[in-house]
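**Q** Chain D is already provided as a structure; the job is to place chain Y on it using the hints.
Residue numbers (my numbering), protein chains in the order written: chain D, 1 to 202; chain Y, 1 to 202.
What the hints contain is simulated information worked out from the structure, not anything from laboratory work. Check each hint, because a few of them may be wrong.
Copies of the same chain look alike in the list, so a pair counts if it works inside one copy or between any two.
Keeping only pairs whose Cα atoms sit at most 27 Å apart, straight-line, the calculated DSSO-like set for lysine-lysine is [said to hold, decoys possible]:
{"hint": "1", "residue 1": "Lys137", "residue 2": "Lys101"}
{"hint": "2", "residue 1": "Lys159", "residue 2": "Lys58"}
{"hint": "3", "residue 1": "Lys159", "residue 2": "Lys137"}
{"hint": "4", "residue 1": "Lys23", "residue 2": "Lys5"}
{"hint": "5", "residue 1": "Lys58", "residue 2": "Lys5"}
{"hint": "6", "residue 1": "Lys137", "residue 2": "Lys58"}
{"hint": "7", "residue 1": "Lys101", "residue 2": "Lys5"}
{"hint": "8", "residue 1": "Lys45", "residue 2": "Lys23"}
{"hint": "9", "residue 1": "Lys55", "residue 2": "Lys101"}
{"hint": "10", "residue 1": "Lys55", "residue 2": "Lys5"}
{"hint": "11", "residue 1": "Lys45", "residue 2": "Lys55"}
{"hint": "12", "residue 1": "Lys137", "residue 2": "Lys45"}
{"hint": "13", "residue 1": "Lys159", "residue 2": "Lys101"}
{"hint": "14", "residue 1": "Lys58", "residue 2": "Lys45"}
{"hint": "15", "residue 1": "Lys58", "residue 2": "Lys101"}
{"hint": "16", "residue 1": "Lys23", "residue 2": "Lys55"}
{"hint": "17", "residue 1": "Lys101", "residue 2": "Lys23"}
There are 2 protein chains.
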Amino acid sequence: VIPSKYIEEAVNAMASLPGVGRKTALRYVLHMLSRSEEDVEHFAKALVQLRTHLKRCKVCQNVSDFDICAICSNPQRDNSTICVVEDVRDVMAIESTHQYKGLYHVLGGRISPMEGIGPGDLSISPLIGRLTHTAVKELILALSPTMEGDTTAFYIYRKVPAGSAFEITTLTRGVAVGDELQYTDEVTLGRSIALRTPYQKG
Amino acid sequence: VIPSKYIEEAVNAMASLPGVGRKTALRYVLHMLSRSEEDVEHFAKALVQLRTHLKRCKVCQNVSDFDICAICSNPQRDNSTICVVEDVRDVMAIESTHQYKGLYHVLGGRISPMEGIGPGDLSISPLIGRLTHTAVKELILALSPTMEGDTTAFYIYRKVPAGSAFEITTLTRGVAVGDELQYTDEVTLGRSIALRTPYQKG
Chain D
1 VIPSKYIEEA VNAMASLPGV GRKTALRYVL HMLSRSEEDV EHFAKALVQL
51 RTHLKRCKVC QNVSDFDICA ICSNPQRDNS TICVVEDVRD VMAIESTHQY
101 KGLYHVLGGR ISPMEGIGPG DLSISPLIGR LTHTAVKELI LALSPTMEGD
151 TTAFYIYRKV PAGSAFEITT LTRGVAVGDE LQYTDEVTLG RSIALRTPYQ
201 KG
Chain Y
1 VIPSKYIEEA VNAMASLPGV GRKTALRYVL HMLSRSEEDV EHFAKALVQL
51 RTHLKRCKVC QNVSDFDICA ICSNPQRDNS TICVVEDVRD VMAIESTHQY
101 KGLYHVLGGR ISPMEGIGPG DLSISPLIGR LTHTAVKELI LALSPTMEGD
151 TTAFYIYRKV PAGSAFEITT LTRGVAVGDE LQYTDEVTLG RSIALRTPYQ
201 KG
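Okay, chain D solo, but in the shape it has when bound:
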């Protein structure tokens, strides 16, 4: 029983966020009510500006405030390595490991016939263009270890121009650090033992 059409509309808006039901939406809305008018305007403006001003990097399709993103325009990054990922969150995740100094290519999703997403919906052609016109030494296919991720990786693998000299690699799959063996799924464990590697200290 919502006593106001303004609350109703705001609840509908909040409930459109992923994973937010009407009860949580109402909680957010009543919280907004307790804030100052300037504060709420600032909140609203942050979202509108995000949507209107945020760009896609012309090189790698990562989100960016500029035409070329901070990673692509950084001369300290190794531009002979390109890591292909599904989405912006993957870039953030890999960046936060501090283990990678190359560039990225953000596909914008993965091939999924179930969801009606084909290769044409992803930035695969721009990737092939990059591979053709720049001196790449390594292409890392860092897609999710799922059916769709594997399909997408294989599709890209086949699209790579014949006679390309660069190496194509992918993320190691195996038992996650800190996981208990007995709770690891059998596909992962099976691969991990089949593709076992020489023991190295620490």
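**A** Just chain Y now, kept in the frame of chain D:
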């Protein structure tokens, strides 16, 4: 590692919602990015309009789109009964039971010395005004069964003008419907057995 000041600002905004951490905020923000510009503007406008257009009912302080809320202005409601609640959500909760046909009075919180909320911060004086100037037959103190709720109820009880003819009642407390006795806290169970009521079928 957030690659954009627009994303950063939007994440900060979303993370200011109650119970939303930075990871969830980022999820909301990336979701906003996938929506159309009009859609995001509509979202933002719903919040700003909520904050600027929503009123407080001049009689009961409930949120309302008009000067007098839909409950107070409804001639079908019993205006001789006033139910005092802490906040808008309590009105919605009681309304959704369809068991109450009287009016409300929304205090806007409860007395809490810990949080620095005193009687002057709540709409207690307007309530006393209503009690003095209208023909009230029953005042229901429907506050939360907490220390602060009890304090607030007692404060209001003492503020009621001497010689008032109306009855003062409160919500029944006891074992919640569907609860297991063994898991009910001992204070609730203790009161429930001390204040036991005659058995009634179904």
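**Q** Now, for every hint given, state plainly whether the structure supports it.
**A** Structure-based check of all given hints:
1. Taking the shortest alpha-carbon separations for Lys137 and Lys101, only the intra-copy value of 14 Å comes in at or below 27 Å, while the best inter-copy value is 75 Å.
2. Proximity of Lys159 to Lys58 under the C-alpha cut-off of 27 Å is restricted to the intra-copy arrangement: shortest distance 21 Å within a copy versus 69 Å between copies.
3. For the identical chains of this complex, Lys159 and Lys137 are intra-copy neighbours only, at 17 Å inside a copy versus 81 Å across copies, given an alpha-carbon limit of 27 Å.
4. Proximity of Lys23 and Lys5 under a CA criterion of 27 Å is satisfied intra-copy only: 16 Å inside one chain copy versus 31 Å between copies.
5. For the homomeric pair Lys58 and Lys5, the shortest alpha-carbon distance between copies (18 Å) is at most 27 Å, but the shortest distance inside one copy (43 Å) is not.
6. Proximity of Lys137 and Lys58 under a CA criterion of 27 Å is satisfied intra-copy only: 21 Å inside one chain copy versus 72 Å between copies.
7. Taking the shortest Cα distances, Lys101 and Lys5 sit within 27 Å of each other only across copies (22 Å), while inside one copy they are farther apart (51 Å).
8. In this assembly of identical chains, Lys45 and Lys23 lie within 27 Å of each other by CA distance both inside one copy and across copies; the values are 25 Å within and 21 Å between.
9. In this assembly of identical chains, the alpha carbons of Lys55 and Lys101 lie at most 27 Å apart only when taken from the same copy (22 Å versus 54 Å across copies).
10. For the homomeric pair Lys55 and Lys5, the shortest alpha-carbon distance between copies (11 Å) is at most 27 Å, but the shortest distance inside one copy (35 Å) is not.
11. In the homo-oligomer, the alpha carbons of Lys45 and Lys55 lie at most 27 Å apart both inside one protomer (17 Å) and across protomers (23 Å), since each shortest distance falls under that limit.
12. Taking the shortest Cα distances, Lys137 and Lys45 never come within 27 Å of each other, neither inside one copy (43 Å) nor across copies (49 Å).
13. Taking identical chains as interchangeable, the C-alpha atoms of Lys159 and Lys101 lie at most 27 Å apart only when both belong to the same chain, with a minimum of 25 Å there against 70 Å between chains.
14. In the homo-oligomer, the alpha carbons of Lys58 and Lys45 lie at most 27 Å apart inside one protomer (25 Å), although the nearest pairing across protomers, at 31 Å, exceeds that limit.
15. When the C-alpha separation of Lys58 and Lys101 is checked against a cutoff of 27 Å, the pair qualifies only within one copy, where the shortest distance is 19 Å, while the shortest distance between copies is 62 Å.
16. Taking the shortest alpha-carbon separations for Lys23 and Lys55, only the inter-copy value of 21 Å comes in at or below 27 Å, while the best intra-copy value is 34 Å.
17. In this assembly of identical chains, the alpha carbons of Lys101 and Lys23 lie at most 27 Å apart only when taken from different copies (24 Å versus 44 Å within one copy).
Hint 12 alone, counting from the list given before, is not met by this structure.
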